[in-house]
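Colleague: What follows is the residue order along each chain.
There are 2 protein chains.
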Amino acid sequence: MTKKLGLQTIEFKDTVSILSTAAIAGHREGMGPLAKYYDKILEDAQWGEDTWEKTESKMQKTAISRAVEKAQIDVKDIDYIFAGDLLNQCTSSTFAFRDFGIPFLGLYGACSTMAETLGLAASMIDGGFANLCAAVTSSHFCTAERQYRFPLEYGGQRTPTAQWTVTGSGGVILGKGDNLPCITHFTVGKIVDAGIKDANNMGAAMAPAAAETILTHFEDTNRVPQDYDLILTGDLGKIGKSILIDLLGQKGYDMSDNYNDCGCMVFDINDSDIHGGGSGCGCGAITLCGYIMDMFRANEINHVLFVGTGALLSPTSTMQGESIPCVAHAVAISAK
Amino acid sequence: MTKKLGLQTIEFKDTVSILSTAAIAGHREGMGPLAKYYDKILEDAQWGEDTWEKTESKMQKTAISRAVEKAQIDVKDIDYIFAGDLLNQCTSSTFAFRDFGIPFLGLYGACSTMAETLGLAASMIDGGFANLCAAVTSSHFCTAERQYRFPLEYGGQRTPTAQWTVTGSGGVILGKGDNLPCITHFTVGKIVDAGIKDANNMGAAMAPAAAETILTHFEDTNRVPQDYDLILTGDLGKIGKSILIDLLGQKGYDMSDNYNDCGCMVFDINDSDIHGGGSGCGCGAITLCGYIMDMFRANEINHVLFVGTGALLSPTSTMQGESIPCVAHAVAISAK
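Going line by line, the protein sequences match chains A and B. Using my numbering, read the first sequence as starting at -9 and increasing by one per residue. Using my numbering, read the second sequence as starting at -9 and increasing by one per residue.
Next up, chain A with everything else stripped away, as it sits in the complex (with noise of 0.2 Å):
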């Protein structure tokens, strides 16, 4: 049924489909360049709820429920569903999903989960336990700017390396289908930690991170950057992008015509408050569950290599003087 290639890479040999995905956005992200791609775009941070968090928790619950109405199934026909989010304790996921009564796995990998969710959903489904699983995760820029930074009434400056957390939700229905995206492979990350001790500067935290999946997955596959129409990273923003481009390019692979980072797509470049470009688990989803999938859908991709990255740092570890371990996992999608 499946075969594990090398020490990291699991190759799918059953066929899992992407039945449907559904992206939910901010409203800034609604100004930005994939706009059109989206299934929603709130019209302000609240969204009718009277805390960030529900708003947020509200995002994952439409990104589901749009999912699975777009894959025409039943919601109580998902085996498993698979979430994660920036918030202490995941609450966005957990309270998402407290009424819809499917068993649910919780997952952190900080903005690495929509490739976690999606490569261990796919396992699921390809080790014959599951039929239809659904991946999910969010984030918000008020409720992550409050948590990890400083209230947003402070007004505080932010460093020119500084991400700007997505606000955005990507839900995806995996099963089986024809003529339809599967996943093919999946290469769980090793946590890298180069000694990067700047909280605002992810992007550079994360690169080597990134690059030792990316070349594992190469390695383990016997495939190289040409084999994909698209390779893309979330997020690494503008710096950490540039840092893998070299890093990789050292080791022989040309990244230079196919590589592109959800966290310098998904804002309007002329929007000077982004500064290193978009972040946040809910970057990498709305720009793979919305631009991505409307590329499958349209025969102008074929081969994508999505590879999530999470800096796996806290509040409290920077306070304490810790640099940022990091994580990068990859999910290989081809067309049908």
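Hints are not guaranteed to be accurate.
Identical chains share a label here; the pair holds if one copy fits it or two copies do between them.
[To be verified] Derived pair list, reagent style DSSO-like, types lysine-lysine, alpha-carbon separation capped at 30 Å:
#, residue 1, residue 2
1, K187, K30
2, K66, K3
3, K66, K326
4, K30, K3
5, K187, K241
Treat the hints as calculated values from the structure; they're not laboratory data. Here the structure is a predicted model, which is why all the values come from computation and not from measurement.
We have chain A; now place chain B onto it with these hints.
Modeller: This is chain B only, laid out in the frame that chain A set:
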């Protein structure tokens, strides 16, 4: 290879053996009745580290290192490590394994984490994706208390229903082996929110989730409580345990003979500070990895249902007036 029974329970057809376990326990836990089953008892809350968070990471690292030694494997041969804990952004786990060079999958299930890591690790082996997996979790009284409740220096009074977070870490190595206890089933729980809002009464909040998962397990497998030598929840404490017995009794299941809760076993019953009983990811972890596995090795038990129970709240959700969503995951373990 495998068969999915009903909706929520995976039956592992291949043998997924518990090659080894290790339990690292805190000082107070080392004065409890299960002390002789622990691999290491800390002399104090710091264990030579300058923060409690670093101590907790060291406990996870030591639990896995000790389990690796006992299984007589090379740590580099572990295909995947599944890890999680209670700290914001799961930093006990991520900092523990940043130097291990093992593909890392982070989970968050609050106190259900030991069962969640074991179930997913077993699925990866049974699905054909791995030969060796590690599963680990931890909690620490001092890191949890200051994160979830009050600074320890404040010396706040605790309510009678409050549980005492266990300082401990349990690590497991899963693989293929002869004549060793095996994981035979994994029942993934749904989120259940019974409307309890008192964050100091988590046993009452979690008992309905535990009941739901145990009932589903019985229905999916056509088993009854008497098929197990021991059904073990982790960690409902005294109040939650008594509610669970009532809830299952109402459904016709008699749990009076062979049911216990790790939170009611781990501390000396004359230790009056403990109030409602033990809690925390480490409570179920050290009880399973110490006492229970020793009973298997001594052929004193043959069939155990281990049910991890998690309260999926955060201090933010509590302050926002939310009730407590809970989840329970069950793994069945049988002597080979």
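Colleague: Go through the numbered hints given earlier and state which of them the structure violates, listing their numbers in rising order.
Modeller: 1 and 4
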